[in-house]
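> Chains as they are written, first to last, in this note's numbering: chain Z, 691 to 1024; chain R, 636 to 1174; chain P, 439 to 744.
No lab work stands behind these hints: they were computed from the structure.
Hints may be right or wrong, so weigh each one.
[What the hints assert, rightly or not] Derived lysine-lysine pairs resembling DSSO-like cross-links, with alpha carbons at most 27 Å apart:
(1) Lys929/Z to Lys825/Z
(2) Lys634/P to Lys929/Z
(3) Lys793/R to Lys841/R
(4) Lys869/R to Lys858/R
(5) Lys825/Z to Lys634/P
(6) Lys1049/R to Lys1002/R
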Amino acid sequence: MGRYVARRLVQFIPVILGTLFLLHVLSVLTIQIVGDPVRALFGENAPPEAILEQLRANYNLDDDCLEQTGNPCVRLFVDRLAQYASGDFGINFRGRSVAELFVERFPVTVRLTVIALVFETVVGIFLGVMAGLRKDKLVDNFVRFSTVLLIAFPVFVFGTLAQLFIGLELGLPLRDSERAPEWLGQMLTVTYNPEFPWLSLMLPGLVLGAFSLAAIARLTRTSLIENLRSDYVRTARAKGLTSSRTVGVHTLRNSLIPVVTYIGIDIGLLLGGALVTEGIFNIPGVGQLVFLAIQANDTPVILGVVTILTVVFLVANLLVDILYAALDPRIRYE
Amino acid sequence: MRIKTHFRVTAVAAAFALGLTACGGGGGTTDDPGGNPSGEPTGEPGGSYSADLTEPTFLAPASNCYESECSAVLKMVNDPLVSTDFETGELIFDGMAESIEPNDDQTVWTVTLKEGLMFHNGEPVDSDAFLRAWNYSQNPKNAQATAGFMARIEGAGKGPEMSGLKAVDDQTFEVTLSGPFSQFGQQMSYAPAFAPIAQECIDDIKACNESPIGTGPYQMDGKWMHDQGITVTKWADYQGELPANADTIEFKMFTAPTAAYRDYQNGGVDVLNVAPEIYLEAKGELADAILEEPTASLTYLGFPTKEAPYDNEQLRQAISLSIDRELIIEKVLNGLADASTDIVTPPIPGSRDDACEFCTYDPQRAKDLLEESGVDPSSFTLELYFNADSGHELWTEAAARQIQENLGIDYELKSTEWAQYLELLDGEEFTGPFRLGWSLDYPSPENYLRPIVGTGGDSNYTGYSNPEFDDLVVQGDEAATLEESFELYAQAGDIALEEMPIIPMWSGTTAIAASDSVGDVRYDVGDGEIAFGEITVSQ
Amino acid sequence: MSDFLAAQDSAGHEHAQPRSDQNRSLWGDVRYELMRNPVFWVSSVLVLVILSMAFAPQLWAETSPTARGACRLENARVEPSAAHPFGYTNAGCDMWSSLVYGTGKSVIVAILVTIGTVIVGVTLGTVAGYVGGFADTVISRVTDIFFGLPFILGALVFLAIFPDRNVWTLTAVLTMFGWTSLTRVMRGSVISTKQKDYVDAARALGATNFFIIRKHILANSIAPVIVLATIGLGAYISAEATLTFLGVGYQRPTVSWGLLVAEGQNLALAGFWHLLVLPCAFIVVTVLSFILLGDALRDALDPRAR
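Isolated chain Z (complex conformation) (with noise of 0.2 Å):
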């Protein structure tokens, strides 16, 4: 297991640098195809040429290559790179230090993963157990027709139905209440406030979590559906365990495998994709600040927190390969 772990903890630099290298090629080509990021930061009339040129300087945007399509400006790779090295991620348009900006938005990122993230496990593992176990009953079509409903609207749109439902029509008048507790007005929220860290986020939670909560709760019930079938759980049955202690036991542990992948890959799609859901919320997190750097072409942004993110994944995934030995001890990690 140790050696294991060492041989993914070495793996991880061609990743790092496939990334980079990656998304490097995707901003340069931006640049050559769609124009000068800098001069977009003004409008019709520019500043002298003169201030374009020392602000292309200053963020290192003003090599000749940008200039020659499909040009992958190699060198300035390996620039940024002995540059981030040194531990040094540059600043972003606004002349402020990037990994600053990171350190600034992450923890409220994290917060708005866990929350998701618990929600859509329990929550989703909880109904894939219910529908799997009464298949074809009330429950599980109930549980096959909600998920849909998830998985079909679009998250802009399920996302301001329950700010506005929830979080206003609901929220509102408790928070003007003055019986209603505290906190129960804070967590039906509008928009994210900072004097409620956690609180403020759980609506938003809740909505960033419904399309996986959907895809957990269907896998969990098909491969409880197809574990309760095989030989093992018929034995365990014919030897009288009960039932609750065969799903519990035998099954669930198996079943969860496919489930367990899809959480390690959604941690992933959470900390950097929840761009819509935190606009609409206003909440100031790493996906709006990436979708807002991709959309001025804000290169050191866009480089340096998806390299952090892409660490961050990285790990997860880790963990989430070693739980599948937990979870089978077949798995040999040779």
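For chain Z, the structure is supplied; the task is to place chains R and P on it using the hints.
Only chains R and P this time, still in chain Z's reference frame:
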């Protein structure tokens, strides 16, 4: 007009999509009671309120402020040097300058400061504070966004100090321009570009950006909470003349206008810029409580006048006649605009309400003109350009459909990212009509005519050049009285509106919502901003 | 080389006869199962309707909203009435024909992306999981690289580069960032199936790897992939809407469900509910039909369910 930044819009691109929206003459002195959309204002100072804002780019040095978000904050924190009266175009000395005097040929300007002025940190506001700031701003090494405002001063952009900037004594300094410029006084009323800077600030610019040291009626209350908020409180030692009614103003940052509106509904925001996306919903709910004020911004379509078939004057006129501006304003812009009758927008002195013959919808006349022009409508496709994701999709499409229906010209919509759009603009590479906007730098018809359609104008991307037009504008500049100059500008405008290198579409309207707890809410056309300092809180 | 082929060949022959027998009865069972399942009937009729709208919209609506003179601004946002049960869009186009002509843009992309991601995901996932070792390392790490770029962000960067957004660019981008999760799940599933007794038994009996994969591994590992793929089909339909909402999906004057939803989102709350409800209803019914059809097929195809 203030452009709210949101999801799909690059903050900076949006702020500039309609020109330098923030570059208004000082204003703030017009006695317009404005709207009092709701609530019972006490008119008394005190209290606190909150307003929505998009994260500004920079707060210090002020010379790096080139969009309306930072100027909204800086206008509270900094006093201007001088202001310009919006009605007359004259200077008003309600800022830090006691007097501003040009020499005879308007090349040397002497600025005298008022006595006893201070920065928030106690440093004196003297000639050195201005020299320090202006020299810093013009130096290309410092890459200040508004450095262009210094370009007329002798020796600008060449090194750490300009040869044209000299302190006479503590209260007086002299500015030598590289050529005569009669509007330099008005130009200096763009406060951020000409603000002084404290020594403490220039010593640690990074720290100063987080908590700017200004000279204005308000000072920062704590640090700039990035992406969350900025709070300013009244400065007890303020000696200036600018209004400061509320004790505390909290600017809350939003990235999406819908989120800002939900927070307004929730009681979290008192004064809100109602973005077009949520206007219909807000209007339905708040009705007359929404204050609607005309802005000075112009939206227009430019033609590549050197490209066939757009080199044909009658075709350009026909296209303009075939667009039903009123219908588009009603259905697409929800009434938040006024159809153009001139290139100069209504709030500007000298604008006219009947100047544009070809701006009223007349499909029959459009057809006749097209026939006269001899251009075969089936021989080309009208390629209509606009920058993507800034809310121009719907109206450009509607206009294109009307052109197609009335003239039989097929269309293709060409949208590009802002960066790409600028490259097309700078290279004059458009192959069809293109959308652009303009807003004032200072309130004069000249500030619309010359840049947009004058030969080599800063914002003239049409290739249009008419010596007769240029001549009339120069004559207008030199006229003895304001009345005479307006007359000459009008004659120039008539030429442009006849030959139509651009089609004026409409001038904008801004919508503001205010909660019951605030009053005296007014939109300042010159600043392109709500006059935050004037707002009162009912207690 | 020739020995290897011969071995494969003989392995194929060995099982040829019994398998075709089995197949016939399996398909017979499948048909029987499906015929008596009302969910299958309803969902497959709906899917057929949707597909015909996608590929032949002229069957369902006379004029395309992009045709000359099809939209009149005067009609903008007119609400449904008896004469016009679907009302008009924000641009004054007929809502029904916008929905019909928008089907293709949304559904075809979703189908193509689902097919693409399943092919790539199942192939790479099976290789990684079954072969293991170096192949697994390479595939898993390449997957990681693509994972490093969150799906929606990756799509944003890519689509910003392609100014011309059509079915093909959207399909390419969504596939490029969508194959990874299926690969990962398939790999995990294959690894756990590989350890099963019947695989060991087959190997002991001398079955080739190809045979084991085809016969045992695929059949027993595919379930989670099918679940995720059907979910994905629905998710890609709403992903198109989300991308459009963020400004990198289709652009007007193209019509798509995503464009209609993104546009209707703000206007619905201003009182024009039909602008949001109708396109959302189309998306929900479509997603529901595809997922239920997927469920029904999977249940019928699973021999152990009987």
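> Against each hint, give a clear statement of whether it holds in the structure.
Now the hints, each set against the structure:
1. Lys929/Z to Lys825/Z: 23 Å, holds
2. Lys634/P to Lys929/Z: Holds - the C-alpha atoms of Lys929/Z and Lys634/P are around 21 Å apart, at most 27 Å.
3. Lys793/R to Lys841/R: 25 Å, holds
4. Lys869/R to Lys858/R: 15 Å, holds
5. Lys825/Z to Lys634/P: With Cα atoms ~25 Å apart, Lys825/Z and Lys634/P stay inside 27 Å; holds.
6. Lys1049/R to Lys1002/R: With a Cα-Cα distance of about 25 Å, the restraint between Lys1049/R and Lys1002/R holds, given a limit of 27 Å.
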